[in-house]
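Peer 1: Using the hints, put the two standalone chains together into the complex.
Residues per chain, in single letters:
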Amino acid sequence: MGVKPLSGFDLALAGLLVLALGLCSWRLRLGLERRLAISALRTTVQLLLIGQVLRVLFAHASFPFVFGISMVMLLVAGREVMARQHRRIKGFSGWLLGTGSMFVSSFAVAFFALAVVIANDPWYTPQYAIPLLGMLLGNTMNGISLSMDRLTEAFWQQRQIIEQRLVLGQTSMEAIEELRQQAMRSGMIPIINSMAVVGLVSLPGMMTGQILGGSTPMDAVKYQILIMFLICAGTGFGVMTAITLTCRKLFDERQRLRLDVLKKQK
Amino acid sequence: MNTLTVEALTFRDRGPYFLRIAGGKCLGLMGASGAGKSLLLRAIADLDPHGGRLLLDDMACDQVPAPVWRRQVALLPAESGWWHDRVDEHFRNFGALESDKLARLGFATDVGGWQVSRLSTGEKQRLAVLRMLENTPRTLLLDEPTASLDAANVTAVEKMLLDYGRTTPAAMLWVSHDPDQLARVADDIQVMNADGSLTGGEVE
Chain A
-14 MGVKPLSGFD LALAGLLVLA LGLCSWRLRL GLERRLAISA LRTTVQLLLI
36 GQVLRVLFAH ASFPFVFGIS MVMLLVAGRE VMARQHRRIK GFSGWLLGTG
86 SMFVSSFAVA FFALAVVIAN DPWYTPQYAI PLLGMLLGNT MNGISLSMDR
136 LTEAFWQQRQ IIEQRLVLGQ TSMEAIEELR QQAMRSGMIP IINSMAVVGL
186 VSLPGMMTGQ ILGGSTPMDA VKYQILIMFL ICAGTGFGVM TAITLTCRKL
236 FDERQRLRLD VLKKQK
Chain B
3 MNTLTVEALT FRDRGPYFLR IAGGKCLGLM GASGAGKSLL LRAIADLDPH
53 GGRLLLDDMA CDQVPAPVWR RQVALLPAES GWWHDRVDEH FRNFGALESD
103 KLARLGFATD VGGWQVSRLS TGEKQRLAVL RMLENTPRTL LLDEPTASLD
153 AANVTAVEKM LLDYGRTTPA AMLWVSHDPD QLARVADDIQ VMNADGSLTG
203 GEVE
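As given, the protein sequences belong to chains A and B, one line each in that order.
For the first sequence, the residue numbers in my numbering are -14 to 251.
For the second sequence, the residue numbers in my numbering are 3 to 206.
Fair warning: there could be bad hints in the mix.
[Unchecked claim] Derived DSBU-like pairs (lysine-lysine); straight-line CA-CA distance at most 35 Å:
1) B:K126 - A:K248
2) A:K207 - A:K(-11)
3) A:K249 - B:K126
4) B:K126 - A:K234
Worth flagging that the hints you see were computed from the coordinates, not collected in a lab.
Excised from the complex, chain B in its bound form (with noise of 0.2 Å):
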C-alpha cells in the first residue's frame, strides 16, 4: 500500500531511473552536490517535464490533475517558501493542529500568529515540515531537511517524519549528505554518481 514506483524516469539528459518504493519505507539518497538529486525529486513531484511513468500504488501521474499528485507526493524543497506575512496564513488550518505536534518540534500554539520575516531558518524548515504534512500525503519527497538544524531538532525532525511515515504509511526517499542520518533513518541507501546514475539497492 502506498508504494511509490519510478518506471524508466528520463529527465533533461538524465536517466533512466527505476525506484520502487513500498509504503513506510525509506530509501536514502546520497551524492555530490550538483550530482541532480534535488532534479530527481523534482521529477517526481512532476515540477519539472519528464519521460517514463510515475505511479503511486496504480495511480499514475499523469492520469490526475497534476496539484493532486503534488498534495500526494509532497516534496519538502531545501529551502522553503513563505510568502504571507503571518506563519498560520500559509496552512490549510492552523487551528486544527494537534499542539502536540508543535510542541514536539519545539513550538507552542502562538506561533502561528508569528511574523514570517521574524523566523530563522531553522524554524522555517521546523515549519514546513509540519506545513507539508497538513496535506497527509502518501510519499515524502524530502531534500535535506534537516540541513539546518541544530541536533536535539535534527533528532525531533527525523522522528516526526519516521513515524509519519511508518504509521501512513508512506514511503519516502530521503535526500542527506550525512551518511550517519541515512543510516538512522533509510532502510536503504542508493548513491547518486556525477553522471546521474544511481548505486546501489531497492527497498521492499
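Next comes chain A alone, as it looks inside the complex (with noise of 0.2 Å):
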C-alpha cells in the first residue's frame, strides 16, 4: 500500500486552518500574526525544497553528497543554538563549541546507529542516513541550546554567589556543581520525558508517517524505539559536552570567573 498523495489545494486546504488562527491572533492582539506567516511560509519553503534535494540525494547515494548534506544540516543547526541564546559567549569560540558538541555527539550515535544497528550496504543509505541525523541533530540542538542558556543565565545572575564560593577556597568547578547539575538536568529532562508517555500521549511523527506509507505496526514501533534510545542517548552526550566546555571557558587559567566572555543578545 502507497501513500495517498496529496494535492496543492489539499494543502491549501490545511493551510486555512493556519490563517483561521492568525485571525484569531490579529482580533486579540497577539502581534503573532507576522511570525505566523513568516513560520508557515518557512515550513513550505523549506520541505519543498528538502524534498528536492532528497530526491536528488536518493538517486545518487554517493557518500560525499551525503556527507555534505548532513554538514549543512550541522552548519544550520549550530546557528540555531547561538541565536537562542540570551547570553551567548563571544566569537568563534562560543559556535564551536555548541556545534562541536553537536557534531561529537550526534554524529558518533548515528554513525553508530547506521553502520552497527541497522547495517545497511553502503551504511549511509541516504533514506535511512538523512532522516535519522536529522532527527538526532533536532532533539540535540533543542537540548544544547536549552541547557547553554539555562548555564549562562544562572552564570550571570549567581556570580556573586560564585565569587563568593571563590574567595572561600572552593576551585572553579567546586563552586558551579550545582549549576553545572541543573544546567545538564534542564537539557536532558525533556527527552527524559517524552520517553516516559511515547505511545500512551504522543505517537511520534517518524511512526505515523512510516505507518501512512504502508509499514506495519509493529515495524514502525522497533524503530521508534531505536530512534528514541538513539536521541535520547545523542542528547545526553551532547548537552554533557557542550555543557563542561561551557564551564570551562567561562573560568580563565587562574580560575577566576570571566563573564565578560558573555555577551547579551537582543
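Peer 2: Set out below in C-alpha cells:
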C-alpha cells in the first residue's frame, strides 16, 4: 500500500486553519500574525526544497553528497543554538562549543546506528542516514541550546555567589557544581519525559509517517524505539559535552569567573 | 612573617600599586565610593586579571593554585553570598567551631541549623566573618566588614578581627568609610583618590 498523494489544493485547505489562527491572533492582539505567516511560509518553502534535494540525493547515493548535506544540517543547527541564547559566548569559540558538541554526539550516535545497528549496504544509504541524522540533530540542538542558555543565565545571576565560593577557596568546578548539574538536567529532562509518555500520550511523527507509508505497526514501533534510544543518548552526551566545555570557558587559567566572555543578545 | 607584598600591581587602567603589610599589622583604606577600593581587594585576592606581583612572604600568587592563594589571602566581600539552605552547610566543619567564638558575635550553637533565608543582613555579615576565619587565612582583605552592624556588634567584630590578626599574625587590609573605625583598628591609613592613586605611608 502506498501513501495517498496530497495535492496542492489539499495543503491549501490545511493552510486555511493556520490562516484562521492568524485572524484570531490579530483580533486578540497577540502580535503573532507576522511570525506565524513567516514560519508557515518557511515550513512550506524549506520542506519543498528539501524534498527536491532528497529526490536527487536518493537517486545518487554517494558518500560525499550525503556527508555534504549532513554538514549543511549541522551548520544550520549550530547557528540556531547560538541564536537561541540570551547571553552567548563571544566569537568563534562560542559557535564552536555548541556546534562541536552537536557534531560529536549526533554524528557518533548516527554512525553507530547506521553502521552497527541497521547495517545497510552501504551504511550511509541516504533514505536512512538523512532522516535519522535530522531527528538526532533536531533534538540535540534543542537540548544543547536549552541547557547552555540555562547555564549562562545562572552564571550571570549568581556571579556574586560563585565569587563568594571562590574567595572561600573552592575550585571553580566546586563553586559551580550545582549550576552545572541543573543545566545538564534541564537539557536532558525533555527527552527523558517524552520517552516516558511516548505511545501513551504522543504518537511520534516518524512512526505515524511510517504507518501512513505502509509499514506494519510492529515494524514502525521497533524503529521508533531505536530512534528514542538514539535521541536520548545523542542529546544526553551532547548536553554533557556542551555544558562541560562552557563551564571551562567561563573561567580563566587562574580560576577567575570571566563573564566578560559573554555577550548579551537582543 | 605573613607579610603581604603588592609590587607594581596593575588592573584595568589602574595602578601600579605598591603595598607592604606585615603580619599582625592593619592598613586602613579610605576613599570615595567608586574610587576602586573593592577592585584593589579583588585584584589582590586574584579574582580579577592583573599585572605585577603579589607575594605572601616568599609565596608568589602565580606559583600556587588560585584556591590555595585565596584560602590564605582571604577576601571578605561587602555583601556575603549564601547558596545552601542552612547556615552550617556553608562551613567546612561547623561542629568544630568553638561556641565561645559564636558567642562573641552574638550567636548560640543552634545558629548552624538556621535557614539562610531567615538571616538579617547583619547576621549574614557576622557569620561571613566566622566562615572566612574558619580557613585560618594568613591575610585578611576586609571590604567594609561592619557596614550593616549596630554599635555593639561593630565592636565585637572589630575585636574578633583584630585579635585574629594579631595572634595569627595576619596582615590586614581594612576598607572602611568610617575614619573613627580606621583610627581604632589601623596602624596606618591610606586614602584612595578618585583616579585610584593612593596617598599615605607604608605599614611596617
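Peer 1: Go through the numbered hints given earlier and state which of them the structure violates, listing their numbers in rising order.
Peer 2: none
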